[in-house]
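Protein chains in written order, with our numbering: chain A, 1 to 262; chain B, 1 to 271; chain C, 1 to 290; chain D, 1 to 356; chain E, 1 to 363.
Calculated from the structure, these hints are not laboratory results.
This structure is a prediction, so every number in the text was calculated from the model and none was measured.
Glycine residues also receive a C-beta, built at the ideal position from the N, C-alpha and C atoms.
Hints are not guaranteed to be accurate.
What the hints assert, rightly or not - If you want the ones that stay clear, here's a sample from chain C, every Cβ over 12 Å from chain B, calculated:
| no. | residue |
| --- | --- |
| 1 | S48 |
| 2 | V65 |
| 3 | V165 |
| 4 | L221 |
| 5 | A274 |
Unchecked claim - Calculated lysine-lysine pairs in the DSSO-like style (CA-CA distance at most 27 Å, straight line):
| no. | chain 1 | residue 1 | chain 2 | residue 2 |
| --- | --- | --- | --- | --- |
| 6 | E | K352 | E | K130 |
| 7 | E | K91 | E | K295 |
| 8 | E | K329 | E | K352 |
| 9 | D | K93 | E | K363 |
| 10 | D | K93 | E | K91 |
| 11 | E | K274 | E | K329 |
| 12 | E | K363 | E | K352 |
| 13 | E | K295 | E | K93 |
| 14 | C | K120 | E | K295 |
| 15 | E | K239 | E | K43 |
| 16 | E | K141 | E | K355 |
| 17 | E | K352 | C | K120 |
| 18 | E | K272 | C | K120 |
| 19 | E | K167 | E | K242 |
| 20 | E | K93 | D | K93 |
| 21 | D | K93 | E | K112 |
| 22 | D | K125 | A | K158 |
| 23 | C | K120 | E | K130 |
| 24 | C | K120 | E | K274 |
| 25 | E | K305 | E | K112 |
| 26 | A | K158 | B | K19 |
| 27 | E | K169 | E | K305 |
| 28 | E | K305 | E | K274 |
| 29 | E | K295 | E | K112 |
To be verified - On the chain C side, residues computed to face chain B include the following (Cβ under 10 Å):
| no. | residue |
| --- | --- |
| 30 | T142 |
| 31 | V146 |
| 32 | I148 |
| 33 | A149 |
| 34 | V152 |
| 35 | R168 |
| 36 | V170 |
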Amino acid sequence: MAEASDDRPLLQLAGVHLHFGGLVVLNGISLDLQRGELLALIGPNGAGKTSVLNCISLLYRPTQGRIVFEGEDLAGLSPHGVARRGIARTFQLGGLFPHLTVLQNLLVGRHAHFSSNVVLDGVFWGRARANEIAQRAAAEEIIEFFELERHRGELVSKLPFGVQKIVGFARALAMEPRLLLLDEPSAGLNREAREDLSRFILRIKHEKGIGMIWVEHDMQMVADLADRIYVMDYGAHIADGEPRQILADPRVVEIYLGSKGN
Amino acid sequence: MSARGALLRLEQLEVVYQKVVTAIQGVSLEVAEGQIVALLGSNGAGKTTTLRAITGFLGVDDARVTDGRVWFEGRSIENQPPQLVAHQGIAIVPERQKVFETLTVTENLEATVPGAGTTRAEQRRRVERVFEHFPRLHAARRRLAGYLSGGERQMLAIGAALLCTPRLLLVDELSQGLAPRIVENLLERLVELRKELGLTVLLVEQSAHVALQVADHGYILENGRVVLDGTPQRLREHKDVQEFYLGQAGGGERRSYRDVKQYRRSRRWYG
Amino acid sequence: MQTVANIAVLVAIYALIGSGYVLIYRVSRVLNLAQGELMMLVAYLLFSLATLFGGHPASALAGAVLLSLLVGLVLYVVLMRRMTGELVIAAVLVTIALGILLRGLMVLVWTGQMARPLEKLGWQNSPLALGHGVALSSVAVTTIFVAIAIYVGLFVFFRYTAWGVRMRAVGENPLLAAQRGIKLHVAYAMAWALATFSGGCAGMLLALDSGLDGTMAIIGLKAFPVVLVGGLDSLRGAIVGALIVASAEVLAIQLIDPLVSDVVPFVVLIAMLAVRPWGLFGTEEDIQRV
Amino acid sequence: MAYASGYFKTDYAMELRLIETRWQKVSAAVLVLALGVFPLISPQVAIGIANQVFIAIVGAAALMLLTGYAGQISLGHAGLLAAGALTTGVLFKELGATFWVTLPASAVVGGLLGLVFGLPSLRLKGLYLAITTLALHFVVAFVGGEYETRRGFSTGILISPPAIGGFALQEQQHWYYVLLAIAVAAMLFCINLLRTRTGRALMAIRDHDIVAESLGIPVRRYKLLIFVVSSTMTSVAGCLLAYYRGFVSIEAFSLYLTIDYVAMVIIGGLGSMLGAVLGALFVITFPYVIEGLLRVLPIPAGIANEMFAINYAAFGLVMILFLVFEPLGLVGIWRRVRNYFLLWPYRQTAVGGGGG
Amino acid sequence: DSYVLGLTGDLTGRDAANSGAVADGIRIYFERVNRTGGINGHKVEVLVRDNQSEPSRAATDAQTFVNNEDLLLMITASLSSTYAPTISESKRKGVPVLFAGGVCPREVFPPKPDPLLFCTSGYAAETDVKFAVDYIQSVQKNATLGLISMAIPISRGSIDQAAEYAKSKGMKVIGHESAPPPTANYTPYATKLKEGGADWVLSWAPWVTQVKTFEALRQLGWKGNFISYGHNVAEEELKRIKDPGFLVFTTNGMFSDGQPVHKDVLATAEGKTKFPITYLNEGWVAAMTLEAALKKAGWPVNRAKLASAMDGLSVDLRGLRGGPITWTKTNHYREQLYYRVYGWDAAGNRIKTLKDWTSREVK
Ligand SMILES: Nc1ncnc2c1ncn2[C@@H]1O[C@H](COP(=O)(O)OP(=O)(O)OP(=O)(O)O)[C@@H](O)[C@H]1O
Ligand SMILES: Nc1ncnc2c1ncn2[C@@H]1O[C@H](COP(=O)(O)OP(=O)(O)OP(=O)(O)O)[C@@H](O)[C@H]1O
Ligand SMILES: [Mg+2]
Ligand SMILES: [Mg+2]
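Starting from the given sequences, assemble the full structure and let the hints guide the process.
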């Protein structure tokens with residue numbers, strides 16, 4: 001499934017540890033992600049899945065270990081630097097800007113693609129204006145892709161939770177990333193919306209070849225879509241491999257799936 | 001419906017946001033004492049709005065119940081402030097902002113006011129019970145709740161709601177963000193509690209599988225209207241429910257997420 | 001030695017005023033900028049009662065204390081209650097406006113002239129020699145004891161009832177607190193009543209010690225750095241903050257130049273917040289998890 | 001373009017126009033005309049008030065950028081106004097500098113101070129930040145006071161009116177047009193800033209700075225930047241104020257002035273530039289209105305003495321009533337009225353959700 | 001068709017007790033004038049505005065006044081922070097200004113006063129403190145002098161001058177304390193003065209600072225003498241404090257002097273002011289002077305005419321002060337200043353004069 005055009009992995013985590021005071025959140029996580037690969041990250045609540053994503057986007061600084069993206073060690077960067085390198089993400093707890101409209105949220109996502117400055121913006125002349133128009137067009141493509149036309153001008157705070165999740169996804173894609181981190185994108189979506197979401201994920205994978213790390217609790221979706229599953233518990237690696245094999249693994253059933261593991 | 005009188009009854013409820021957006025219209029439903037009732041609906045159908053109308057959580061968003069009544073134990077409670085509603089024995093696990101982020105986990109539980117006449121010892125015992133059910137919370141009890149993971153927050157919110165010893169528990173998206181095993185436990189626990197304490201539950205749930213598994217009765221809300229209701233059995237057999245909520249292909253077997261059609265435009269309910 | 005005594009008195013004053021800020025901040029995240037005016041109002045009420053009951057100083061004092069609780073309660077019920085759920089900064093502005101209103105009313109009723117409740121009560125503020133050449137006025141000594149008593153009372157209250165945690169819960173998210181069955185308005189009203197009471201005590205004592213005029217309100221502002229250094233939602237912090245700020249101030253007067261005594265607390269504040277943004281004992285408020 | 005059947009946008013550039021429909025064009029023209037004619041038909045006092053409003057608009061817009069959009073509460077506003085005024089005063093008094101020197105100098109000083117005021121914002125939020133900026137205000141006031149005392153200007157520095165091309169700006173009417181132009185320029189600058197990338201970045205930071213950071217926005221730089229922009233504007237307003245008033249005195253920049261400005265942005269309505277204008281208008285004219293009203297009332301001679309205390313208390317009272325009954329500010333009222341007319345006689349009804 | 005004057009004063013701010021009394025004095029005085037036929041057959045109308053000692057409010061007031069074409073003159077009765085805006089507006093439109101009840105600004109003093117600015121108030125910062133230092137020296141040859149001011153420019157400035165002057169006279173000066181306007185507790189300042197070994201303390205500051213520092217010193221058991229400037233509250237306060245070591249020096253005679261003019265003030269103002277009538281003398285002085293100026297200017301009158309009438313005016317104050325107010329082309333303050341020192345006579349339980357009118361030439 002992984003269309004590795006370049007044998008070097010897109011992203012590589014090597015022995016990542018994360019501590020908060022005495023609390024060990026991540027305990028030596030190592031994983032590789034190939035270009036265009038869809039890796040599902042699963043584990044019980046509080047296992048540290050979100051923390052892995054936070055470490056990659058440098059919102060948390062790993063206590064120990066290396067994170068290498070396209071051959072570059074991320075340690076020296078700032079969170080916005082990481083974003084500019086091409087890593088985008090969605091957020092488990094929403095993370096949208098509630099007082100902005102859908103369109104504005106997307107344009108914030110395209111922040112790094114502008115080339116203007118404060119003075120130009122204030123005068124709104126020349127480059128600033130041309131930029132606005134060009135980026136607006138780019139945002140419109142995203143809106144179309146996610147079928148958000150009818151919500152374009154609405155304030156995000158007034159949208160139902162499900163639509164907000166989609167907007168969050170759209171905003172991440174608007175950044176034109178090469179690596180996309182998805183944190184429970186399906187939470188709060190109904191079946192129908194999950195099907196739409198699956199469609200978006202598949203299209204992104206096939207049309208844009210973006211690598212994705214996908215934290216998810218819906219095992220049906222994971223089973224159907226993921227290329228590979230990585231299971232963790234208490235900040236440590238438990239198992240990884242093919243979906244079918246992992247979901248049948250008794251350890252995974254024990255700590256995570258419970259009796260009805262499918 | 002059950003022969004017993006309804007604990008909660010909504011009558012032709014209408015809620016309007018900011019004086020212009022009508023979110024639900026003519027919603028009527030009943031929850032009988034000791035029942036678990038599921039409220040299903042696609043995103044934006046008005047489920048959260050319905051729960052807010054019951055708990056009086058509407059004011060902040062400049063919304064009002066403009067029509068219809070909410071009856072709880074025979075008293076009408078629409079447009080009452082939340083604390084009054086809470087004192088009548090209605091607890092909620094809200095959809096978003098569910099914990100006090102700047103308090104520790106233990107403080108979150110302590111801040112919850114127990115039902116009348118609860119002794120301190122009793123209260124402490126109940127807190128311990130919450131920790132028993134959610135060992136992860138116990139491990140995190142001294143941490144600020146704002147640092148909890150999404151699932152841990154959900155556990156804490158459920159724990160706190162149960163501490164109130166409510167007569168009616170409203171849950172907005174129970175399984176949201178929880179690992180499958182926990183969801184399973186929780187549902188078992190709800191069934192147990194119902195037996196033990198006669199707890200009544202109104203459950204909003206995205207995963208229709210899960211909800212219909214434990215519910216005694218289900219309602220389906222679309223576009224701010226109730227379009228279908230009945231026993232889980234009846235709902236499960238309905239063609240549209242199968243298609244849109246259970247994800248079953250024509251024959252009854254599960255449809256794969258991989259097979260979603262390109263550019264499928266959903267059919268809408270016009271009940 | 002005298003310096004230590006001076007610091008102790010100032011600590012007591014600041015701690016009393018500070019507790020008012022803390023109590024209200026704790027339940028509503030609102031900084032009550034009318035605290036100074038409330039202090040002054042209570043002091044003036046004492047003055048009027050003292051004039052009325054010239055012969056019965058005790059009943060005048062008791063009356064003023066009761067009135068201070070009542071004033072807080074009434075303010076909450078008729079005014080601040082309506083601000084629940086609104087923007088914090090708007091509520092802060094309401095307290096500022098309240099301060100303006102109160103100041104206008106006080107000038108109207110009591111003019112801007114110096115008032116001396118102590119004389120009306122028929123008492124003498126005689127100096128007390130405390131040994132080692134240290135002397136303090138009797139009211140100053142009383143101030144220290146009152147501050148201790150009030151703080152002990154508050155600590156006991158919060159230790160043996162669940163209200164401390166509940167107040168903070170209300171402060172963070174009133175609606176959620178309401179859902180959890182906390183009686184919002186009781187918590188708010190209690191905080192306002194207690195805050196005017198403790199602030200009012202500071203006002204009364206200051207007025208008894210050295211008289212009362214229109215500038216007292218500004219002293220309320222001087223206790224800002226105190227509560228910020230200590231942590232806006234912590235009573236313990238208010239004491240420690242008072243200790244730090246009062247020492248800095250008195251030592252600046254004593255050792256550097258009295259002129260800088262006005263800025264010193266703020267310099268301490270800036271330095272402190274750079275190190276611990278939530279003050280020494282405050283809880284972290286801005287938690288953003290994603 | 002077919003106006004008959006509605007108004008269509010055919011490209012993205014059209015969306016960027018500030019004035020779109022014919023109706024808006026007409027209203028804008030009327031407004032311009034009214035503003036232009038105002039000083040010709042109004043008494044001096046009214047023009048004076050208008051001039052104060054214009055200066056206040058510049059200051060309020062700066063604060064609105066900072067507080068209303070970037071979410072950084074600042075109580076150091078008077079300190080920054082003072083910095084601008086004092087720079088002007090010092091340069092004028094010590095070096096005899098002209099307007100063309102003092103204005104940019106004030107801007108530069110303001111910008112630098114903005115950097116200083118902005119530093120705490122990298123660590124602090126909300127009221128904590130507010131009080132820290134207040135602390136910086138006291139530091140500025142202290143320095144200014146020391147300067148005035150040490151140099152023997154304890155009652156303030158008198159400044160002669162600015163000469164623009166040999167024309168001394170002295171009459172209220174002349175000031176009116178100059179200040180109006182400046183206020184309009186400041187507003188346009190802010191509005192432009194807000195509808196472009198900078199503005200969105202600021203609002204993103206206000207709503208959720210960690211998320212903003214991981215979307216590629218250098219949060220710290222933007223925070224400092226907005227402090228610098230806002231302080232520069234404020235400082236320029238301070239410079240104008242000094243010239244307009246004809247004097248500089250550090251005591252004129254007390255905490256109350258900050259409160260006035262905070263009141264402007266809150267009463268106007270946080271997060272709206274129109275709010276800054278309405279707020280400035282309200283706060284500046286309010287005392288005059290109250291005074292006028294009290295004057296009209298038949299006041300018994302006996303309490304004529306107490307008029308001022310009543311006036312003062314009334315100011316507080318009306319402000320309280322306003323905040324209590326209209327927490328969304330003047331803009332809230334404006335929007336409600338407008339919505340009412342836009343929708344009348346309909347009421348929008350449910351539109352189903354739909355997951356995308 | 002009346003004489004219109006505009007008064008801007010601190011009626012509700014921190015100096016309300018001072019300014020308010022000045023405003024009341026002027027108001028009551030002209031009420032009587034109007035009752036008894038006015039000046040040159042015309043009534044006097046005083047418009048009053050409140051500036052709370054805040055420069056920006058004062059600026060607004062001044063602007064309103066100068067824009068009123070009928071208005072002849074502005075009266076300022078508040079702290080010196082409000083002077084700059086008033087002066088600035090007065091220059092713009094050529095409106096004369098009378099400073100009544102505050103500190104006189106430098107612009108009214110000789111040799112070259114501003115043609116539009118005049119002053120009747122008692123204060124004269126520099127001369128005041130010099131007189132006080134001389135007085136101390138006349139009582140106790142080599143006193144150790146402690147100094148306290150309020151941390152506002154005008155007070156600090158003059159106390160600095162007192163320090164210099166005292167040193168030049170060979171006195172030992174032990175520092176200059178300066179308390180911020182609102183101070184919760186004056187004891188730390190007092191402690192420093194006491195521990196410095198001061199046997200005399202001089203203060204030239206708003207009344208609170210003076211009296212509270214004194215009281216704090218006494219609480220500490222300090223036994224020295226304290227001399228402070230006599231604001232209009234001084235008479236009341238002397239009676240309250242009853243401490244022989246607390247002296248005030250003043251340019252206004254106290255009502256305890258019992259001059260006919262004092263009885264006149266008492267009779268006229270009874271029940272018309274919320275202030276003790278002993279506070280009214282500054283306002284009375286200003287009003288008497290204004291009356292004389294308006295009389296001299298005649299009718300019709302305009303701003304310029306009034307200003308020139310004020311040049312070369314001499315007003316007999318009939319005992320409210322030690323001598324007349326005389327304005328000349330080179331002096332808009334007065335030619336001679338007259339000081340008196342009052343203290344408390346414990347035995348007689350009354351105010352006593354420690355030093356009778358002493359004149360100083362104003363240069
Ligand atoms: N900043 C932090 N400070 C303290 N503890 C933290 C912090 N971030 C995460 N934790 C703790 O680390 C653990 C892992 O959190 P994380 O959010 O990564 O879990 P998760 O696997 O995403 O769980 P869920 O499925 O519930 O979202 C949790 O117990 C959480 O409380
Ligand atoms: N604050 C608000 N202001 C305006 N409209 C709102 C607001 N909140 C919700 N709505 C509207 O009300 C309708 C119902 O929303 P509601 O949140 O109740 O849906 P829901 O069924 O809970 O959806 P979800 O499953 O996504 O949570 C939606 O169309 C939404 O746009
Ligand atoms: Mg997570
Ligand atoms: Mg919902």
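Each hint, compared with the structure:
The non-interface label for S48(C) is consistent with chain B: the shortest C-beta to C-beta separation is roughly 37 Å, beyond 12 Å. At roughly 30 Å from the closest C-beta of chain B, the C-beta of V65(C) stays outside 12 Å, upholding its exclusion from the interface. Chain B draws V165(C) into its interface by the beta-carbon criterion, the shortest separation being 5 Å against a cut-off of 12 Å. No Cβ of chain B approaches the Cβ of L221(C) within 12 Å, the least distance being about 26 Å, so the stated non-interface status holds.
Non-interface status of A274(C) relative to chain B is upheld: no Cβ of that chain comes within 12 Å, the nearest being about 21 Å off. Restraint check for K352(E) and K130(E): the C-alpha separation of about 22 Å stays at or below 27 Å, so the hint holds. At most 27 Å may separate the alpha-carbon atoms for a hinted pair to count; K91(E) and K295(E) meet this at roughly 24 Å. Pair hint K329(E) plus K352(E) does not hold up; C-alpha atoms about 38 Å apart against a cutoff of 27 Å.
Between K93(D) and K363(E) the CA atoms are separated by roughly 26 Å; this keeps the pair inside 27 Å, and the hint holds. This hinted pair checks out: K93(D) and K91(E) have alpha carbons roughly 17 Å apart, not beyond 27 Å. Restraint check for K274(E) and K329(E): not satisfied, since their Cα atoms lie roughly 38 Å apart, outside the 27 Å limit. For the given pair, K363(E) sits about 30 Å from K352(E) by alpha-carbon distance, which is inconsistent with the 27 Å threshold.
Only pairs whose Cα atoms come within 27 Å are accepted, and K295(E) paired with K93(E) is accepted, the gap being roughly 23 Å. A hinted pair counts as satisfied when its Cα atoms are at most 27 Å apart, and K120(C) with K295(E) does not qualify at roughly 47 Å. Taking the CA atoms of K239(E) and K43(E), the gap is near 39 Å; set against the 27 Å cutoff, the hint is violated. Restraint check for K141(E) and K355(E): satisfied, since their Cα atoms lie roughly 16 Å apart, inside the 27 Å limit.
Of the pairs offered as hints, the one joining K352(E) and K120(C) holds, with about 26 Å between alpha carbons and a cut-off of 27 Å not exceeded. Taking the CA atoms of K272(E) and K120(C), the gap is about 25 Å. The hint holds against a cut of 27 Å. Under the criterion of a C-alpha separation no larger than 27 Å, the hint pairing K167(E) with K242(E) is inconsistent with the structure, at around 31 Å. Using a Cα cut-off of 27 Å, the hinted pair K93(E) and K93(D) holds, with the two alpha carbons roughly 22 Å apart.
About 20 Å separates the Cα atoms of K93(D) and K112(E), which keeps this hinted pair within 27 Å; it holds. Between K125(D) and K158(A) the CA atoms are separated by roughly 26 Å; this keeps the pair inside 27 Å, and the hint holds. With a C-alpha separation of about 38 Å, the suggested pair K120(C) and K130(E) falls outside the 27 Å cut-off, and the hint is violated. Taken as a hint, the K120(C) and K274(E) pair is honoured in the structure, with Cα atoms around 19 Å apart against an allowance of 27 Å.
As the CA atoms of K305(E) and K112(E) are separated by approximately 20 Å, the hinted pair is consistent with the 27 Å bound. For the given pair, K158(A) sits about 14 Å from K19(B) by alpha-carbon distance, which is consistent with the 27 Å threshold. A distance of roughly 45 Å separates the Cα atoms of K169(E) and K305(E); the hinted pair therefore is violated under the 27 Å criterion. Between K305(E) and K274(E), the direct Cα distance comes to roughly 36 Å. Violation of the 27 Å bound is thereby established for this hinted pair.
Between K295(E) and K112(E), the direct Cα distance comes to roughly 25 Å. Compliance with the 27 Å bound is thereby established for this hinted pair. At its closest, the beta carbon of T142(C) sits 36 Å from a beta carbon of chain B; the interface hint therefore is violated under the 10 Å criterion. This hint is violated: V146(C) has a C-beta 31 Å from the nearest C-beta of chain B, more than the 10 Å allowed. Interface restraint check: I148(C) against chain B, minimum CB-CB distance 27 Å, threshold 10 Å, status violated.
At a threshold of 10 Å, the smallest CB-CB gap from A149(C) to chain B is about 27 Å, leaving the interface hint violated. For V152(C), the shortest C-beta to C-beta distance to chain B is roughly 22 Å, which exceeds 10 Å, and the interface hint is violated. Hint status for R168(C): holds, given a least beta-carbon distance of 6 Å to chain B, under 10 Å. Interface restraint check for V170(C): the shortest CB-CB distance to chain B comes to about 8 Å, inside 10 Å, so the restraint holds.
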